[in-house]
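A.B. asks: Each chain, written out:
Protein chains: 4
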Amino acid sequence: MTEPVTDLNADLGESFGAWKLGDDRALMQVITSANVACGFHAGDPLTLRQTCAMAAASGVTIGAQVSYRDLAGFGRRDMDVPADELAAEVLYQIAALDGIARTEGSRVSYVKPHGALYHRVRKDYAQAEALVEAIRAYDPALPLLTQASGHASEVAAGAGLRVVAEAFADRGYAADGSLVPRGQAGALRTDPGEVAGRAVTMVTQGVVTAQDGTAVPVQARSLCVHGDTPGAVALATAVRRALEQAGVRLAPFA
Amino acid sequence: MTEPVTDLNADLGESFGAWKLGDDRALMQVITSANVACGFHAGDPLTLRQTCAMAAASGVTIGAQVSYRDLAGFGRRDMDVPADELAAEVLYQIAALDGIARTEGSRVSYVKPHGALYHRVRKDYAQAEALVEAIRAYDPALPLLTQASGHASEVAAGAGLRVVAEAFADRGYAADGSLVPRGQAGALRTDPGEVAGRAVTMVTQGVVTAQDGTAVPVQARSLCVHGDTPGAVALATAVRRALEQAGVRLAPFA
Amino acid sequence: MTEPVTDLNADLGESFGAWKLGDDRALMQVITSANVACGFHAGDPLTLRQTCAMAAASGVTIGAQVSYRDLAGFGRRDMDVPADELAAEVLYQIAALDGIARTEGSRVSYVKPHGALYHRVRKDYAQAEALVEAIRAYDPALPLLTQASGHASEVAAGAGLRVVAEAFADRGYAADGSLVPRGQAGALRTDPGEVAGRAVTMVTQGVVTAQDGTAVPVQARSLCVHGDTPGAVALATAVRRALEQAGVRLAPFA
Amino acid sequence: MTEPVTDLNADLGESFGAWKLGDDRALMQVITSANVACGFHAGDPLTLRQTCAMAAASGVTIGAQVSYRDLAGFGRRDMDVPADELAAEVLYQIAALDGIARTEGSRVSYVKPHGALYHRVRKDYAQAEALVEAIRAYDPALPLLTQASGHASEVAAGAGLRVVAEAFADRGYAADGSLVPRGQAGALRTDPGEVAGRAVTMVTQGVVTAQDGTAVPVQARSLCVHGDTPGAVALATAVRRALEQAGVRLAPFA
Chain A
1 MTEPVTDLNA
11 DLGESFGAWK
21 LGDDRALMQV
31 ITSANVACGF
41 HAGDPLTLRQ
51 TCAMAAASGV
61 TIGAQVSYRD
71 LAGFGRRDMD
81 VPADELAAEV
91 LYQIAALDGI
101 ARTEGSRVSY
111 VKPHGALYHR
121 VRKDYAQAEA
131 LVEAIRAYDP
141 ALPLLTQASG
151 HASEVAAGAG
161 LRVVAEAFAD
171 RGYAADGSLV
181 PRGQAGALRT
191 DPGEVAGRAV
201 TMVTQGVVTA
211 QDGTAVPVQA
221 RSLCVHGDTP
231 GAVALATAVR
241 RALEQAGVRL
251 APFA
Chain B
1 MTEPVTDLNA
11 DLGESFGAWK
21 LGDDRALMQV
31 ITSANVACGF
41 HAGDPLTLRQ
51 TCAMAAASGV
61 TIGAQVSYRD
71 LAGFGRRDMD
81 VPADELAAEV
91 LYQIAALDGI
101 ARTEGSRVSY
111 VKPHGALYHR
121 VRKDYAQAEA
131 LVEAIRAYDP
141 ALPLLTQASG
151 HASEVAAGAG
161 LRVVAEAFAD
171 RGYAADGSLV
181 PRGQAGALRT
191 DPGEVAGRAV
201 TMVTQGVVTA
211 QDGTAVPVQA
221 RSLCVHGDTP
231 GAVALATAVR
241 RALEQAGVRL
251 APFA
Chain C
1 MTEPVTDLNA
11 DLGESFGAWK
21 LGDDRALMQV
31 ITSANVACGF
41 HAGDPLTLRQ
51 TCAMAAASGV
61 TIGAQVSYRD
71 LAGFGRRDMD
81 VPADELAAEV
91 LYQIAALDGI
101 ARTEGSRVSY
111 VKPHGALYHR
121 VRKDYAQAEA
131 LVEAIRAYDP
141 ALPLLTQASG
151 HASEVAAGAG
161 LRVVAEAFAD
171 RGYAADGSLV
181 PRGQAGALRT
191 DPGEVAGRAV
201 TMVTQGVVTA
211 QDGTAVPVQA
221 RSLCVHGDTP
231 GAVALATAVR
241 RALEQAGVRL
251 APFA
Chain D
1 MTEPVTDLNA
11 DLGESFGAWK
21 LGDDRALMQV
31 ITSANVACGF
41 HAGDPLTLRQ
51 TCAMAAASGV
61 TIGAQVSYRD
71 LAGFGRRDMD
81 VPADELAAEV
91 LYQIAALDGI
101 ARTEGSRVSY
111 VKPHGALYHR
121 VRKDYAQAEA
131 LVEAIRAYDP
141 ALPLLTQASG
151 HASEVAAGAG
161 LRVVAEAFAD
171 RGYAADGSLV
181 PRGQAGALRT
191 DPGEVAGRAV
201 TMVTQGVVTA
211 QDGTAVPVQA
221 RSLCVHGDTP
231 GAVALATAVR
241 RALEQAGVRL
251 APFA
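Residue numbers (this note's numbering), protein chains in the order written: chain A, 1 to 254; chain B, 1 to 254; chain C, 1 to 254; chain D, 1 to 254.
Excised from the complex, chain A in its bound form (with noise of 0.2 Å):
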C-alpha cells in the first residue's frame, strides 16, 4: 500500500510595480509549488526576485507561470498569436524566470501555462505545439502541468514531455469530469471544510463528486488553489491541515 501524495499549487508573484496582489508570504507557508507570474501578464521582476527568494528560503518548488503578453488584461484575454511568436514568448519567459531563480538559489522546475493561454492551449494544437516545443527548446526535462485532459497534454507527452496532472478541491465538477463554467451555479466553492474534504477525497480516493452527485474519477499529482481570492489563504490552510490528518504526504511533484 502507498502513502497518498500530493502537490499543492497556487499563483504567486503577481504584483506589479505599485500594484500589489495576493498575500505571497502567507500562502508560500502552505503551498508545495509556486507557479510565479513571468512578466507578461502580472510580476515586475523586483516583484519575481523576492518572490523566488521567498520560494527558496521556504522550500518551495518555482515553476514558471507563463502567459499572454497582456498585463492590461492580465493574460485572461484569449489571443490569435501566431506559434513562432508565441514560441519565443514562452521561451522568453522560462528563461527570465529561471535565471532569476537560479540567482536566489533554486530554478524553475515546471511551466504552467496561465489564463487564457492555459485554457487555449487545451483545445488549440497550433498553440499547445508552440508552447510544448518552447519548454523542448528550453529544458525537456521541464514537466508540463495542466489539466488532465486536453490538447496541451496529448502534445506535451508526445514529445517526451512529463505531464503532471492537477485538479481543483474548490472548483464544481460535471459528470464528465469538466469544471463547472465560472458564471454558473456551484463553479465555485468557498467553504473551507467542504472544500478540504474534497481535497481529502480526490487524494486519498480519487473522485470527487460532481454536480449530480455521481463520483467521479479525477487523477491529480498536484491541487491548485486560489492565492488572489478574499480567505484565499484560510482556505489553502484548511486544505493542507485537512490532508495531513488524512495521512496525505504533501511533497511537491518536481
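All clues stand as given, with none of them false.
Under the rule of at most 27 Å between Cα atoms (straight-line distance), these lysine-lysine pairs were calculated in the BS3-like manner:
| no. | chain 1 | residue 1 | chain 2 | residue 2 |
| --- | --- | --- | --- | --- |
| 1 | C | 20 | B | 20 |
| 2 | A | 20 | D | 20 |
| 3 | B | 123 | D | 123 |
| 4 | C | 123 | A | 123 |
Since the hints were made in silico from the structure, they are not lab data. Quantities reported herein were computed from a predicted structural model and do not represent experimental measurements.
Dock chains B, C and D against the given chain A, drawing on the hints supplied.
C.D. replies: Using the frame of chain A, we list chains B, C and D on its own:
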C-alpha cells in the same frame, strides 16, 4: 611582437513586432560581437530568437544589451530607477536573452548597457552598482563592455568583473579623450575612408586624432560600429576591410 | 448624370518612437482621408500630433484608426476583449486622437477599426456593439468606415450611425464579393497599372472582376490604399492619377 | 468678511486591469475634486470611464492627472523626456480623459501632474514649458493645480494659465514653507485629529505650524488628501468634517 587584434561590436535585434530596424543579416557578416536587445528598449522575443540563431550560425558572439524599460523612448531617456528595481530588471533581461541564446546553440557572453543607461552608469554610482550586482548575480564570469573610464568600469572592476573597453571609430574625440557630444560639429564621422583609417590607427597605434589635432591615447579591445544609420553596413564593412588589410586580427573578446 | 466620386483612405501615423513606418509625408499628398493610429497598435503621441498637423496642412480628413491594445502584435492578433473594456478602449483612443487633431486645427471625422479588430467586428456581435457604443457615446455623427457587409455595418446602421463602405483596389475578390484571403494566389495585386484600372472600374462602374472572371458588384464610397508596403506611394499615386483621368472626383466622405 | 472656502482633491482612477488601488467609491463622497489618472502611470480605459461616471454622479469635479509613460514605476521615476514628446504625451492624456469624462456627463476641468512629473516641472523649465504648452494647446481655460512655488507655476502664470495652489494637511512643513522630504521624521502625519486641525488652520488662518514650531504662511485654494494609504478615507473624512464644523465651505476651484 604581438599581432594586433580587435573586436567589432554592434547593436542588433532592435526590431519590435511590425517595426524593423537595421540590416541585421548583413551586419552579422561584418561584426564579431552582437549586442542583442533584450526586450526592454527593443526586441520582441521572436526577433531575439532569430537574431541569436543568426549569430550562432555566423559565429558571432552574443552580448546582452540591457536597458531601461522604455519602448516608447527606445531606452534613450534617462530614468531614476531605484537600485533594487534596476538590478532585477537587468537580471531579468540577461536571463531571458541567455536562455534564448542557449536554445539556439550559443549563450550570452558579455553585457553592454544601452542608451541612457550606458551613459548614466558612467556617472551614477547607485545605478552602476545595480548593474554590476545583476551581472555578478547571474554569472560573475560575464565581462562588462563599456568605455574605458567612468563609474561603471570602476565598480565592475572593484567587484571582480572583467571590464572590456570599447572605442568609436565614427565619433569625434576631444583632447581629454571624451567623445564630442552629439549635435556638435564633428561629433559623427560618416566618410567610410576616414572612419576606416581612424579604426586602424586606434587599433594598431592606440591613438585617435582629436578635434584639435592632438593625438589622444585610446585603449580599446573592441570597436563599436553603428547598425541603424543609413550606410551603416557599408561603413562597418569599410572598417573591417581596412583592419584586415592592416594585418589586424578580428576576434571577439569573450 | 452624377459625377463619379470617391475617397482614398490609407493608414498613417503608424510609427512608434524610434521605429518609423510608411512614408506619411508622401502619402498625404495622394489620399483624401487618413486613418491615423491612436497609440494602441502604433503611434506614439508625438507621431500622432505631427501626423494630424500634416493632415490639417494638406487638407486631408482625419479618421481614428482604433485597435486592440497590442503594440507587440501591431493590432493584428485577434483578442477576446470583454465588451465593456473594448468600448472604453475605443472611446479612449477616439478621444485622445480627436483632442490632438483639434489642437492642430482639424478633428476626428470618422472611425475605422484596425487589423484584427476590423475583421472581428464583422462577425462578432458583442465586439461590434462595443465599437458602435463607443462611437455613439463620443459623437453619434461620426461615420464608421468598413467593408459593406458584416455585423459591424449592421449594428452601426441599426444604431443610427452612418456607415461608409470601402473597397480594395489592390486585393483579389471572390465571386461572392469577399476578399481572397491573404496568402492565397491573387490575394494581393501589386502592378500599378492593373490596380489603377480596377480602381477606376470599381468607382465608375461599381464592379470588380473576381478571380473566376465574373463581374462582382462593389458599392464603395472610399478606396483603401496601403501605405506600409514597398511601392505603396507609387501604387497610390497611380490609382489617384487614373481616377482623375477617368473624370472621377476625389473627395473625403466625411 | 468672506466665508472661508477650500477644495479637497485626491488621486483616483489608479487601478489597472486586475489590480485595484484605493477606495474610490468612498473617497468620492468626501472630496470635491478628483485627479483622475489618464492611463500613463495607472488607469485602464474602463477604470477611467467608471471613475468619471462616479465623479459625475457625485458632483465631483474631474482633473486630468497626467504622468510620464511609466506603468511599471507608477509614474514615480523621474524621466528625461524631450519637450516635444512630453507635450504630446500630456496632450494625449488630457484629451483621452476629457473625451471619456464628456461621455459620462462631465469634463476635465483642470490638470495636475502626477508623481515624478509633479516634482520635475517645479524645477525644470523645459518640462514645465512642455506641460504648459500642452494645456494651452488643449484648452487655455484649464487651470493648473500644483504647489504655490516652482517653475511650473511661473511658466503657467506667464502663459496666461490660471494656477491654483494646493497644500498638504498631512505633510510636515519646514520653516521656509517647503515640505519635509519623505523618509524624514515628521514628513507624514497620520493622526486624523491632528491632520484635521492643521487643515482648519491652513484654510481659516492661512498658516501651518512648521517642524520648528514657527507659523508658516500657506496660501492654498485646495487641500490634497491621499487616497491610497491605509486609513486614507478615514483621514479625509476627518478633515472634511473638521472643516465643515469650522464653517469652511467645501467647493471645487474649477
